[in-house]
Structure formats: C-alpha cells, structure tokens
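Number of protein chains: 2
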Amino acid sequence: MKYDVIGLGNAIVDVLSLEDDGFLEREGLAKGGMALIDADQAAALYKKMGPGQEVSGGSVANSCAGIASLGGRVNYVGRVCADQLGEVFAHDIRSAGVGFDCLPSAPSGAPTARCLILVTPDAQRTMNTFLGACVDLGPEDIHPEEFADAKITYLEGYLWDPPRAKQAMEKAAKAAKDAGRKVALSLSDSFCVGRHRESFNALIDSYVDVLFANEDEIIALTEKDSFEAAASAIQGKADTVVITRGAKGSVVITSKGQSSIPAAPVEEVVDTTGAGDLFAAGYLYGYAKDQTPEECARIGALAAAEVISHFGARPQVKLQSLL
Amino acid sequence: MKYDVIGLGNAIVDVLSLEDDGFLEREGLAKGGMALIDADQAAALYKKMGPGQEVSGGSVANSCAGIASLGGRVNYVGRVCADQLGEVFAHDIRSAGVGFDCLPSAPSGAPTARCLILVTPDAQRTMNTFLGACVDLGPEDIHPEEFADAKITYLEGYLWDPPRAKQAMEKAAKAAKDAGRKVALSLSDSFCVGRHRESFNALIDSYVDVLFANEDEIIALTEKDSFEAAASAIQGKADTVVITRGAKGSVVITSKGQSSIPAAPVEEVVDTTGAGDLFAAGYLYGYAKDQTPEECARIGALAAAEVISHFGARPQVKLQSLL
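Chains as they are written, first to last, in our numbering: chain A, 9 to 331; chain B, 9 to 331.
Isolated chain A, as found in the complex (with noise of 0.2 Å):
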C-alpha cells in the first residue's frame, strides 16, 4: 500500500495571538472551546487581536504532518481556496512531506480557511474558525482509489459542520471499508459533537475502528455527566476508543478493558494547540505499524508534548527522533 494514513479534514491556516483572559470575556468567547465565525466575525474579531503569527493548522492536517515526521507515509485531502493562504497551508503541508494533490477552490470564490486562535497565558487556546474554502469540499474531492491504498483511513468531527463535507466523509469512509481498510475519526470538539450527534453516532456504528476523544467530547457523545459513566457506555463502540485526559494522560478501551498511560513530560507548556491532533499522529502511527494500543498511546504522548511546548499545532522538531 502506497500510504499508512490518508486524511481528509478542514484545510486551515491558524493565526494565533497571545491574549489574558479578559479578551476573551470582552469578546464573549467560551475559553477552550472551537466556534464557528463567518466572513464578518472574522474581520471583526481579527481586527480586535493583538500580532498574529500564521502557522499551518486545520486538525487532521496537523496530525498527518505528525504522522509524516514520525517517519509515516501519508496523504492528505482537503480544500484551500488558490490565494496567498491557500499557497501557504499547500507549501507547509507538503514539505512536512505529506501528499497533497487536492485541488483549490478558484480566488473568486471563498478565501481559505482561517482559524483565529487567542492563547492566554494558561496556555489554552480559544479557537474560532472562518471556514471559508472548506465549505467547497464535496464528494468530487474523494477519489476511492487513494482511500484503498492507505491503512488507515483519519476523518475529522470538524467535516459535519461544511454541509457537503459529510458527503465527501461517508464517500471516503466507504471506500476504505470497500477495500478493507481501517477508519479512525476524531470527535473534535464537545460542541460540534453536541451539534451534530446523530450523525456521529451513526458515521461510529457504521465505520469507525477507531475513535479518538477527550473528557468533554465523549461525555458530549454518550450525554453521560462523568467520565467515568462516558467510559462505560462507549466500550464497544468502535474496535478501539481513545480518550486523552491532558496532564493525566489517556485511556484506551477496547474489548479486552481500559488502560491508562502517562502524558509526557514537558519542561513548559506554551501552546496547547495541536495538543489532540498530534497525540493521534502518534498513536495512529503505531497503529499503522502494528503496535500495541499501550505502545501507541506512549507514541501519541510523545508527539503532543512536543507540540505543546511551543507556539503552532504543527511539530517543529522531527518527530522520528524522539521515538
């Protein structure tokens, strides 16, 4: 097989400042949290932040350009529009040494997507995202063929909220299961999940081998009040289900029980962005070289210390040497 994971998410440039938490209360914006902003939104928030610094984002392309410094062969799908963004997220992509051959969107339409990301001195990150291009992404964007010749198929909770994405989502998750591949999703964020989750549920049960979570997304999907309720319920749901618990590390849940693993340690955290994407580069890197859950969980911890001990959701260092 050509590639051990082939992606398909929101295709993102972050622009992300150093904000206290008095921005985000003026601003009314609900600390950790993704919201969705349209044109104006943008326009007006960005106005109101403080420099910004531009650095390649978008979910799973964050974690795919993890999988790809960590030594994995990888593809990725999705949709910039051809502008000075759009140049800029194809150029970072690619020289993580990911495949990109999805085509833009032409500059008359929607301008790439941007994420607009205030980062208080906590190190949280308040995301809020001008989809921008990403609602272009459709069907004609998956070709079943990649999707066969990767292991692992990687989707994004993101993608339900881009209207025809979901589309292009359940076209790719049935190619991969077409060819008998593995599908893993992310759940994303607690409130996408809570705006969207029958069709969760559903895509889960249909497709899903694995299914990455933290405390609030699978609390989210299960409507259980504790983790430990969440837990419980989510067992079987898919082969595998992940849960990543920040400083206390993950728990993974399969047939056979749960299993904890420590977070790594980090001299200072700075930037918390990318923190779930990266851990499931690791772990999907693992995954695709036939390692354990516990082993691939110890990968994933790695790879997101990394990312949170600086500014951008993208590694700076190759991966590979810290295994």
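Please note: incorrect hints may appear among the correct ones.
The list treats identical chains as one, so a pair stands whether inside a single copy or across any two.
[As the list claims (entries may be wrong)] List of simulated lysine-lysine pairs, DSBU-like, C-alpha gap at most 35 Å:
(1) Lys232 with Lys10
(2) Lys55 with Lys174
(3) Lys10 with Lys55
(4) Lys232 with Lys297
(5) Lys245 with Lys56
(6) Lys264 with Lys56
None of these hints come from the bench; they were simulated from the model.
Model, not experiment: these values are computed from the prediction.
Go by the hints and put chain B onto chain A.
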C-alpha cells in the same frame, strides 16, 4: 508633537523555517546575510524550505512595533499590496499600536514583500528578500507634515535597494530636518552597505543624527579592516554612532568618546532575527525620552534580549514591563 518616532522602511512579511547548515550550503546562501531575490527565486527557495511560520517583519517596522511596545508613540510608512499578506502586515503593525496609513498597491501589481528566513540551530538567521510591492514606495508616499510631527525620523539602509525608495528616503529626511527634527538611520546589512556606500555616506553627511550599525556594517562603510579602526573612523560622522556587537553588547560613540554597554542576559537564544531592530527600538525610545546614550543602549539591550528568546522579529511581551 504627535509622535516620538516615524519610521520609513520596506514592509515585509517574514516566513521563518528551521533549517540545518547543510541547507544553506546546498542553496549557496551566505549565512547571516540578507540577499535580494526575485519572484522566481523566491518561489524556488520557498518550495525547498520546510514548513514555515509567517510573522510580520521589515527592519524599521520591527523597530516601530518595539517602540510602541515600550510605550512610545509611533507612525510607520511602507508599501504593501492589497493582498492577504498585506492585510497581515497592516493588522500586525496596527495592533502593535503603530499608526499605519500608507495606501497599499493594487492587487494587479507585485504582491506584498516576503523575506524567507532560514534559522539554523545556532539561532543565526539567513534572510532572502523578495521586495514585491516595496518597489512601489516613492516620494508620493512621503507627506512632509507627518515627518515634522515626529521627534525622530527613522530610516533603514535597506531602502536603497528598491530604486524609488531612495527618493522617498531623501524626501523624508529633508522634511524632518526642515522641521528641526532628528534623523536616525540603520545601515541594515554589510552587503547592502557595499552596494550603496556612496549614497550612504552622502545621506549620513547631510541628515543623520543617530547611526546604527553592527560590526560588519561599520567596517563595510568605513572600509577599515578592524572594528577599532572603523570605530575611530566613524567618530563625528553623526552626532551619535551606535554599534551593536551581539553578545559583546554595544558601543556608543559621540564627540565625547566611546562607552561600552553590556548585552542583557538571555536564557536561551532561539532566533536572532530582529535583534538589531529591537536594539534600535529601545535606543530610540530612550532617545525620544531624553535619556543618556548609555541608558538608551541599556533599553536597547533589554528589547533585543526579549526578541531573540523566541521565533520572529516582533516582541511577544509588552516591553514596557521589562523596563
């Protein structure tokens, strides 16, 4: 007066990537320097570079952002294109607290300038600048009343590279002098000095009160073969000559003699991009507040120490808090 400082410079967005020394050798790049490249060279080099971080730059623009961060009142003049990177530049400098009203060039022309910066493991930066819309800067962008309304006009030597910017620089210096204001100039880069030595000398003789240079640049200007000989030769050429020497600190040369000021301590030097720009920011802030040359250099050292402790050439903390 409305402003402490008005700056005039090439308005550039930096694209930073981490590369090893082998990359510089393979590409034939002179480590630590600034090379001018055209659009095709920029595209070819960008393709080879690793994943980037986009951060607004431009030498005098960085200084202006630093002066604002110290609490000074600042205005900036430079040309971007009305494209996405131009919006990024305008947002970042305005949100740093700097006035910026220069009209952008039409999107049909050259795009916003970018500087491809390779940062090596020793934290040295090697810069490759595609001037883009900077070549549109001309005397029509200089409104003499704005230069009369600032205590100090600050110019960068890099402005000699785009042809019409030379006329803009002379018009700005003359407007400042006619109004009885001070003029400061950075020599910018030793290769730039080599390209335009006569013009530099003529401008300094006619207008410059405060001259900033590093060791290589002052040697290139004076055509001497040691720092000591160059420092002697430059004395009296401007009221104040400030020479930065990296970790060795700085030397201030006035008619009264020379003083040495130590560098400020830095825990880890990550990226030296902007070190000279932020030193100048601190110095000029002190100068606008009528501090002694030694105190000005001490503020410069503090500002430089902050900017070399992270990626990118603009401050990430409110510099005023460091004073």
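Hints and how they fare:
1. Lys232 with Lys10: neither (41 Å within a copy, 60 Å between copies)
2. Lys55 with Lys174: both (32 Å within a copy, 32 Å between copies)
3. Lys10 with Lys55: between (44 Å within a copy, 23 Å between copies)
4. Lys232 with Lys297: within (34 Å within a copy, 61 Å between copies)
5. Lys245 with Lys56: This pair counts as neither: shortest intra-copy Cα distance 43 Å, inter-copy 44 Å.
6. Lys264 with Lys56: Classified as neither: same-chain Cα gap 51 Å, cross-chain 47 Å, threshold 35 Å.
This entry does not satisfy hints 1, 5 and 6, going by the numbered hints stated previously.
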